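2 protein chains.
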Amino acid sequence: MGILVTGFRASGIFSGIKQSGKKDLGLLFSEEPATTVGVFTTNKIKAAPVLITREKVKQRCCQAIIVNSGNANACTGTTGLQHANDLCQLVAEQLGISENLVMVSSTGIIGVTLPMDRIENSIPKLAKSLSPLGLSDFAEAIMTTDTFPKIVVKKDKIDGKEVTLCGIAKGSGMVMPHMATLLSFIVTDLAIHADLLEELFREAVNSSFNRISIDGETSTNDMVIMMANSRAGNSNLQKQSSDLKTFKNSLNATFVDLKKLILKDAEGSTKMISIRVKEARSNEEAKKIAYQVANSSLVKTAFFGEDVNWGRIIAAVGKADADIDPEHIDVFFDDLMIVENSTSTGMESRAKDIIKKSEFQVTITLHNGSGMAEVDTTDLTTEYVKINSSYHT
Amino acid sequence: MGILVTGFRASGIFSGIKQSGKKDLGLLFSEEPATTVGVFTTNKIKAAPVLITREKVKQRCCQAIIVNSGNANACTGTTGLQHANDLCQLVAEQLGISENLVMVSSTGIIGVTLPMDRIENSIPKLAKSLSPLGLSDFAEAIMTTDTFPKIVVKKDKIDGKEVTLCGIAKGSGMVMPHMATLLSFIVTDLAIHADLLEELFREAVNSSFNRISIDGETSTNDMVIMMANSRAGNSNLQKQSSDLKTFKNSLNATFVDLKKLILKDAEGSTKMISIRVKEARSNEEAKKIAYQVANSSLVKTAFFGEDVNWGRIIAAVGKADADIDPEHIDVFFDDLMIVENSTSTGMESRAKDIIKKSEFQVTITLHNGSGMAEVDTTDLTTEYVKINSSYHT
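Chains as they are written, first to last, in the working numbering: chain A, 12 to 404; chain B, 12 to 404.
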């Protein structure tokens, strides 16, 4: 059963970038110009493809994107910019469309220039391989240390028409603890105004990917691009449309599902943990505390060791740049209170059953206001260190 | 060859806190009240002994400190405070001195109350074991996951008298990436005014320990205490004394040597790396960038894998909250320039020889001002994760 989104074609091939011989070049093409929105890394060092695609997305209308894995084309100077532009031009020629409508994205090692001869030679084949059933090849071609391709599909009736949403992502567990290259491409045949799409898209990103990748802790290459090509035949989705909620729910669910696939594939991780901070002085402070806990190597290794070492959680809370009352912190594992007023409730052995689960919540209540935040993290494992010390990604 | 500091006695015994049966209770005693200064954790969650000892050090005159390992007496509420006070009182009774002159310090697991019956029963033995040659027993008694005791001794001629400085520390590699319990006790028989001692002490801490443990990234229990008991017989060291520089150098060297011992013993680490940031907009920004690099799991795993993956360094620079020019970053491994204007100099294979060393420097030049900072870090190893996931510390 192939994945079909009306009017989109895709392909993925091996072009000679990856030493492994695995697919490393992908192309996504809409048969007509599509409403396009995107968000990009907040890292101050931005890869050449990010600089170029960010500008093109401002038109809110694009038609294709070429993506390579195995090489980030970051820190490659003016040569890198030239290469990224050349890729767009080569694809535009093959597809017979304007270069302005072609975006570019890269992921992989930083600081090495692209092997342009090999890529250039592969582009005709890449274009010829375009197929309505090619989305899974494309999903494979954008992988780096990912162990499986990440694709989510949702179908809805909007304005009486069948509308398909297809989200594709690559993570590599580097999302946590610090920066990953997170690439994600969402395509739909829905007809929708660009302003509304932008609004729904940003909201969905904020409540999914942005919960796993803090501002400023992003890689040089992160981008999330969404294209809507109107081929479902619905009349333009409006803010007041009765079907708005249906689409919004599917869009949010697509992002949340992709996020879960990314965390599931986080390099070497064995668990997914939601860190919830409640009753902080402000949402901002709640977020700082949640990230301090979620990014603490000591907390994450304790999760891996299934050790109910809540002292490490409390110590992480205490080092956050936030106003807390050190004597009045409560900590729950799922619904079990293990710390009350900053001291043990004696429930450590019961908490053992929770920490053994592959997914659970840690709630930290601060009794200091009404600020809230929630972020998702994984455990830190020996496998993570092995992967990140042995692979030159 | 025992270590002697005139007028100081020390001991270390097993009292029943550690399951391993290793020494877990130490006592340090000056035969007369000593000029005392200290610095304490900046974590908002402070262990009971930190709260109590911080107050006592304000008098700048103390005579003894009792230290236990295996239990941090942190997040133990009013019971914990009572226990810490009781320890001081029990020691004061045994030594026949005022309780006001007795400090207390703890390290180990958070959130568990001290086994006071066992400790109380051991205090007479602890006091009886006090010996001028007991400093090495004391150094052993304060260890947690440390693999060796850390002691540094310096001797100087000051005002014609022989003065001895002895620094003792416990680290456990948890200093990096986030928080360690760092305890350190420095004793000297020098005569020196409290104001001057405070000044020299803070300067020495800032250029040593504070370079490995960022503000707010400290544990609940950190403390560094220095006692000077005047028994060397020199006339009070003054700011204008010709011997000031001699003592200052020895004090700084003591802290730097202790820092090196701590990094050497960092849990599972195989390397020590100095991260230097130059030409940042300000010292403050240089510091932020240096810590972002020094604490990056990706950078630290690359060091472990001896992989000249400078892209991870650049990406870490880019996520720091600092003003940088993304096109003009240079990176050196020791004196070898591997990145110029944010692109490769092609020197990766020569840099391989440097990254294989057990100690080297990474210099990041930003061409954006005159701000500088330097921090020391270690690599992140599979052994680190094993230690921190298997041991309940």
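These are computed hints drawn from the structure, not numbers from a lab. The reader is advised that the hints may include incorrect statements.
The list treats identical chains as interchangeable, and a pair is accepted whether it falls inside one copy or across any two copies.
[To be verified] As a list, the in silico BS3-like pairs of lysine-lysine whose alpha-carbon atoms are at most 30 Å apart:
no.: 1; residue 1: Lys367; residue 2: Lys69
no.: 2; residue 1: Lys29; residue 2: Lys367
no.: 3; residue 1: Lys368; residue 2: Lys172
no.: 4; residue 1: Lys55; residue 2: Lys275
Keep in mind that this is a model prediction, so the values were computed, not measured.
Results of checking the hints against the structure:
no.	hint	result
1	Lys367 to Lys69	neither (46 Å within a copy, 46 Å between copies)
2	Lys29 to Lys367	between (37 Å within a copy, 26 Å between copies)
3	Lys368 to Lys172	neither (41 Å within a copy, 65 Å between copies)
4	Lys55 to Lys275	within (28 Å within a copy, 34 Å between copies)
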